[in-house]
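In numbering that gives the first Met the number 0, the protein residues as written are 0 to 285.
What the hints contain is simulated information worked out from the structure, not anything from laboratory work.
All figures in this text were calculated on a predicted structure; none of them were measured in a lab.
For every residue, glycine included, the Cβ atom is placed at its ideal position computed from N, Cα and C.
The list that follows gives simulated cross-link-like pairs (lysine-lysine, DSS-like), each with its CA atoms no further than 30 Å apart: (1) Lys-106 with Lys-138; (2) Lys-170 with Lys-33; (3) Lys-135 with Lys-33; (4) Lys-82 with Lys-157; (5) Lys-33 with Lys-106; (6) Lys-106 with Lys-89; (7) Lys-142 with Lys-157; (8) Lys-89 with Lys-60; (9) Lys-69 with Lys-33; (10) Lys-60 with Lys-82; (11) Lys-182 with Lys-33; (12) Lys-89 with Lys-182; (13) Lys-182 with Lys-135; (14) Lys-89 with Lys-33; (15) Lys-106 with Lys-157; (16) Lys-33 with Lys-82; (17) Lys-157 with Lys-89; (18) Lys-170 with Lys-135; (19) Lys-142 with Lys-170; (20) Lys-82 with Lys-69; (21) Lys-157 with Lys-170; (22) Lys-170 with Lys-138; (23) Lys-157 with Lys-135; (24) Lys-157 with Lys-138.
Have a look at the derived ranges for each label pair, beta carbon to beta carbon: (25) Gly-64 with Gly-166: 44 to 54 Å; (26) Asp-31 with Arg-115: 36 to 46 Å; (27) Asn-143 with Asp-68: 42 to 52 Å; (28) Pro-147 with Val-65: 44 to 54 Å; (29) Lys-60 with Arg-168: 38 to 48 Å; (30) Gly-114 with Ala-180: 18 to 28 Å; (31) Asn-143 with Tyr-61: 35 to 45 Å; (32) Glu-110 with Asn-150: 20 to 30 Å; (33) Leu-160 with Glu-47: 17 to 27 Å; (34) Gln-174 with Asp-77: 43 to 53 Å.
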Amino acid sequence: MVRAVQQASAATGVDFAYLMDKAGVESGYRTDVKASTSSATGLFQFTEGTWLNMVEQHGAKYGLGVYADKINNGSVSDPQTRKEILNLRKDPRMSAIFAAELANDNKTHLENELGRPVGKTELYMAHFLGAGGAAKFLKAMDKNPNQPAANLLPDAAKANLNVFYDGTRPKSVGQIFDNFAAKFDDAPAQFAGSTTLGTIQPADTSSQPWLTGMRSAVSGKEPISTFTIMMLDSLAVPSDDDEEKKRSTGSGARDSDEGDQSSGKATNGYGMKVGPNLSAGSLIAA
Numbered sequence: 000m001v002r003a004v005q006q007a008s009a010a011t012g013v014d015f016a017y018l019m020d021k022a023g024v025e026s027g028y029r030t031d032v033k034a035s036t037s038s039a040t041g042l043f044q045f046t047e048g049t050w051l052n053m054v055e056q057h058g059a060k061y062g063l064g065v066y067a068d069k070i071n072n073g074s075v076s077d078p079q080t081r082k083e084i085l086n087l088r089k090d091p092r093m094s095a096i097f098a099a100e101l102a103n104d105n106k107t108h109l110e111n112e113l114g115r116p117v118g119k120t121e122l123y124m125a126h127f128l129g130a131g132g133a134a135k136f137l138k139a140m141d142k143n144p145n146q147p148a149a150n151l152l153p154d155a156a157k158a159n160l161n162v163f164y165d166g167t168r169p170k171s172v173g174q175i176f177d178n179f180a181a182k183f184d185d186a187p188a189q190f191a192g193s194t195t196l197g198t199i200q201p202a203d204t205s206s207q208p209w210l211t212g213m214r215s216a217v218s219g220k221e222p223i224s225t226f227t228i229m230m231l232d233s234l235a236v237p238s239d240d241d242e243e244k245k246r247s248t249g250s251g252a253r254d255s256d257e258g259d260q261s262s263g264k265a266t267n268g269y270g271m272k273v274g275p276n277l278s279a280g281s282l283i284a285a
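Given these sequences and hints, build the entire structure.
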């Protein structure tokens with residue numbers, strides 16, 4: 000799962016830490032989870048309509064041209080083909096790449112609508128509410144952050160009672176935004192820095208209880224630790240050149256697992272080189 004997110008980040012330019020944060024919030028890092036109140040499914044909880052639109056718009060770039068051609072304005076005439084396309088939401092590679100593409104699409108839309116740059120919290124609001132809903136939400140917040148959000152977006156409120164209500168009391172647009180900002184705006188600073196291990200600072204998870212304390216409602220397991228995410232963020236995505244070099248030297252999966260002895264650099268079992276300050280055995284899963 001982490002490798003899929005890393006590759007999506009490299010392919011689209013969308014921040015790796017942001018995508019990991021969003022996957023944690025959306026699904027608890029589960030690839031097959033389905034929401035009970037909507038059609039949202041998979042690692043990034045794509046609804047059916049949003050997924051079909053993403054495959055139609057971007058699928059051809061990622062080898063899904065046959066499926067993209069079968070979609071017309073978000074609709075698929077053949078039930079079996081539609082089912083096959085929607086099942087791709089459970090593929091972490093596809094889910095991650097389209098989550099990243101959606102983030103780029105939403106960024107462009109929101110910045111055009113708002114006339115200003117947007118940050119990670121605004122991007123997540125666009126994923127959560129749709130680009131149009133997020134623009135409406137953010138414009139309303141600029142005018143009056145104390146207004147009830149449920150009155151503004153009643154359909155979204157019905158599907159997400161815990162987000163829009165505190166018990167029976169409706170939350171304001173400002174409160175909802177602040178709740179998401181606490182999750183997203185704090186996190187990037189913890190992962191800031193170059194991709195060289197020596198410049199990444201240890202994360203203070205006391206300011207991020209949502210990361211260390213949150214448990215998936217469906218799995219009951221802790222999400223990937225902040226430390227592990229930082230370490231994985233420092234690893235380069237394996238390239239085609241790496242695979243070609245491996246084939247030409249006759250090395251295989253066993254060599255990858257045991258490390259690259261010829262270069263003196265260890266690998267983590269996925270063919271990714273580990274930096275000089277970190278051994279392969281230091282990558283401990285949460």
